[in-house]
Amino acid sequence: MPSHRVTIKDHTAEANLFARRAVIGLLGVFIMIGMVISNLYYLQVTRFEDYQTRSNGNRIKILPVAPNRGLIYDRNGVLLAQNKPVFSLQVIPEESKDLDQTLKGLQTLLSIDNEDIEDFHKDRKRIRRFKPVTLLNRLNQEQVAIFSASQHKYPGVSVEARLGRHYPYKGALTHVLGYVAKIDKKDLQKLTEAGFEANYAATYDIGKRGIEKYHEELLHGKVGYQEVEVNNQGRIIRVLNFSPPTPGQDIVLNLDVELQLEAEKQFAGQKGTVVAMDPKDGGILALYSSPSYDPNLFVHGISSKNYKKLLINSRPLFNRATQGQYPPASTVKPLLALVGLEEGVITPESRLYDNGKYKLKNVKRIWRDHNLWGHGWVDVTKSIEVSCDIFFYDMAYKLGIDKISEGMYKFGFGDYTGIDLHEEADGFMPSRGSVRAQYNRAWYHGDTINLGIGQSYWTVTPVQQVQALGTLINKGKRIIPQVIRGKMLDKQIIEEPIKERRPLEIKNEHNWDVILDAMYGTVNRKGSARKAFTGAHYISAGKTGTAQLVTIAQDEKYDASKLSKENHDNAMYVGYAPYDNPQITITIVLENAGHGGAQAAPIARKIMDNFFKDQTFPEHQVIQSLGPDGSPIYTKEEDE
Amino acid sequence: MLRTKLEPNNRSFFNKIHCDGPLLMGLVVLMVVGLFTIYSAGGQDINLIQRQLIRLAVALGVMIVVAQIPTITYQKVSIYFYIVGIAMLIAVLVVGVSSKGAQRWLDLGITRFQPSEIMKLAVPMMVAWYVSRFNLPPKLIHILAGFGLVAVPTLLIAKQPDLGTSLLIASSGVFALFLAGMSWKLISFIAVAASGFTPIMWYFLMQDYQKQRVLTFLNPESDPLGSGYHIIQSQIAIGSGGTQGKGWLQGTQSQLEFLPERHTDFIFAVFSEEFGLWGVAGLLAIYAFIVIRGMLISIRAQDAFSKILGGSITLTFFVYVFVNMGMVSGILPVVGVPLPLVSYGGTSMVTLLAGFGILMAISTQKRIMSRV
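Listed in order, the protein sequences are those of chains A and B. Residues in the first sequence are numbered from 1 upward in steps of one, following full-length UniProt numbering. Residues in the second sequence are numbered from 1 upward in steps of one, following full-length UniProt numbering.
Fair warning: there could be bad hints in the mix.
Said to hold, decoys possible - Footprint (simulated), chain B over chain A, 3 or more residues, beta carbon under 8 angstroms: (1) 28-35; (2) 83-97; (3) 229-238.
Don't read these hints as lab results, they were simulated from the structure. All C-beta atoms in this analysis are idealised placements derived from N, C-alpha and C, irrespective of residue type, glycine included.
Just chain A, with the same shape it has in the complex:
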């Protein structure tokens, strides 16, 4: 039958054909199912661990948590450095719809300076994408409130709160306490080299100066970690695990903030410094350098305008107490006298007639006493009391440079004291070798003679002076000055051990008493500091000094009015009290102020008065007033 005429289809054949094709189609379906299953087997079984890790990597983030910095107290428990909440305005530029519009809006809302906007744009270039950039560093409460009310209008902008350092006493403690500031590139490099990078992962500030820097390791604490689950926006959904940070150690200093405030008041911006130390344990009771500045300026990033203000001639950034290198002048006479006694070039009884001039045989030059007509017959005690120069010219000449340098090295001059502050200078103790090395110059007899009154190249730092005085009081025991008293643990102070150097040993112990008695006389007999301590309720001892800063030609008299202020003499004083059981040793330098007895000693008196204000002492003779010839009139202190 012709196929093209077929009207009735061959249903069976068609059905079989379709059935075959349908089965092939189903076969295709099963092949596809096989492909899906084998691909999923590969993903879910073969590479399961890999994808599980990546999935966890997506959702789990380890966030470092900064420890709270240890607090700093003074010896009486007064808080000197605290942590206060600081609010900063952070912007994630990529999350802001229109950055310029956002910045403009914020600028009017919070009255932000153009300078801050410029800084923001600079910072932006250095910070990774999708990381917050700081726009405003310190928001006040009002700004926080204003912003919070309209936060929804500024996507990608938020207020971050953290704890920031605050120094309530501002400039009174700057040079000893130092300050913290934002970790910079250099700090980061040092931390990385020391292997402390991880510990600082969440930390914002680091100690930059003073105690904050020196005891950084104690104060910082240990970083903590938070294991959090985040969503695709990086927002924390929940905390999976938290190992809290270990807060920094609270520390107690030897400082007495009241003495610091007294010092601030006494200096009143004049250039100078005071260092006070407890001779028993080397604890620094006061350390003030004037002029000072507010350390809080640095904590939140000092503006260049404010920073320029600190770069003036009086150099407020400079720590005069530890870095100031001054000619010691007459303040070192007691120490030199001890060396003289020890070496036998003088005895407690040996006398010399001071007519105001000192000459060497065959040398034209004349060395003069500060007192034009001299002091007449003087022994070592009187020479210290009235600060006779001629006696010390003679003694220095007899001792010679080598014995002087050797003796003074033993007191720690020309070397770092080891105080717990990084900002320290070592001064300059002249010797034949050191002067040759430093100044490329030979040493002459004349230099030795000048050395007798603490001049000619010799420079000391005030903290060296206070340490040397401590050695004298302790009769050779050398204690290293220390600002930190101890760690605070559960309201108990765990005291740091006293650090000592090898003691200074002398042949004749009696010599200590001769010198200390002379220093007693300086204050309590007809000495150069008697006026300053008239009426004190404690007995003190000390030595004045007046350091020349320019060489006065011989036969010419020092006339302050002819010199510019920067060349006026430095007024100095070293002293301690009470005489029989010293609790405080003190060094005062008042730059370009004139006479030590007249200018520096009164400051020491004020600070000691403050220090002893709550103490009473057994009856003793005090100078009640001075007679018409300047001789002291003693009276018994009456009980009231």
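Given the structure of chain A, go ahead and fit chain B onto it with the hints provided.
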């Protein structure tokens, strides 16, 4: 009397409303799986579930309605259906509404309408009607004419551009021709020709974004935060599910929103993450059950038109499943194809169930037909 003898009583209700029980059961199980997965992927948003339920109800309604129409009617209207569809596709290119760079919609005032949806059914209907007019297997000339019928709408949709849909529509037509008995010689020839056509498509027909999708597919790690992000996150989700899965509502990739398009196109990744390889095997078993049931209905159908149409609808349905799973698991490039009956939303749901309505019509009317 005769009917009660032929049909068991318990099937009388489904038979009355022209529903195939096993097929309906398979579809409903899939929908339930979909609802649970959407609930998890959508952040446990009950509103999402309500909206999906409404959509499912509407689609099931459409399916029931479609199932009531005798297959002979479909046979008769195929050609008009096809012509209207072509007209609408041309209208889309002229006066269509654009969205996201593609012109796919006709604005009907009340709602917007995507004519390519009509073609998903019109093309297999037209091809089935055309080839079933002749003896099977069809002659070469009829096969070529059939290809012509497929090519016109395919090219029109590709021009919108909507490459994914155009390829799926093309495959539905090709499946019809294959089931009609197209010779293996021709199939091999077309396979060779198609591979030759690929570079032409790449250089002349594909848009930049389409090329980018293919490149991303070939190497997603080349741009992990950009175009590769979707597929990488999707693979992490699937892979981290392991054999057991992380548990319902416990998938971190989806719950923490690392996975894009979680409740729509990428819902398979959520399912794989939470239910693991065993869950996927189960899901594929449900799909396989539906496909086998569909093919069985087609094989048992009385006339060639119904056989070819039913088979084509069933195979095309599985191609949707395969393309979606393939793109989500990284063995196919990303084209916007939802996972049938599981993904949230989409007008395609209605078309899909209308297709199953036709299958049910074929299934339940065959005996009525045979008596005529």
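Hints versus structure:
For the region 28-35 of chain A, the proposed coverage by chain B is satisfied: 6 residues have a C-beta within less than 8 angstroms of a C-beta in that chain, meeting the threshold of three. Counting residues of the region 83-97 of chain A whose C-beta lies closer than 8 angstroms to any C-beta of chain B gives 0; at least three are required, and the coverage claim is violated. For the region 229-238 of chain A, the assignment as covered by chain B holds, since 6 residues bring a beta-carbon within under 8 angstroms of that chain's beta-carbons and 3 suffice.
Violation of the numbered hints given earlier is confined to hint 2; every other hint is satisfied by the structure.
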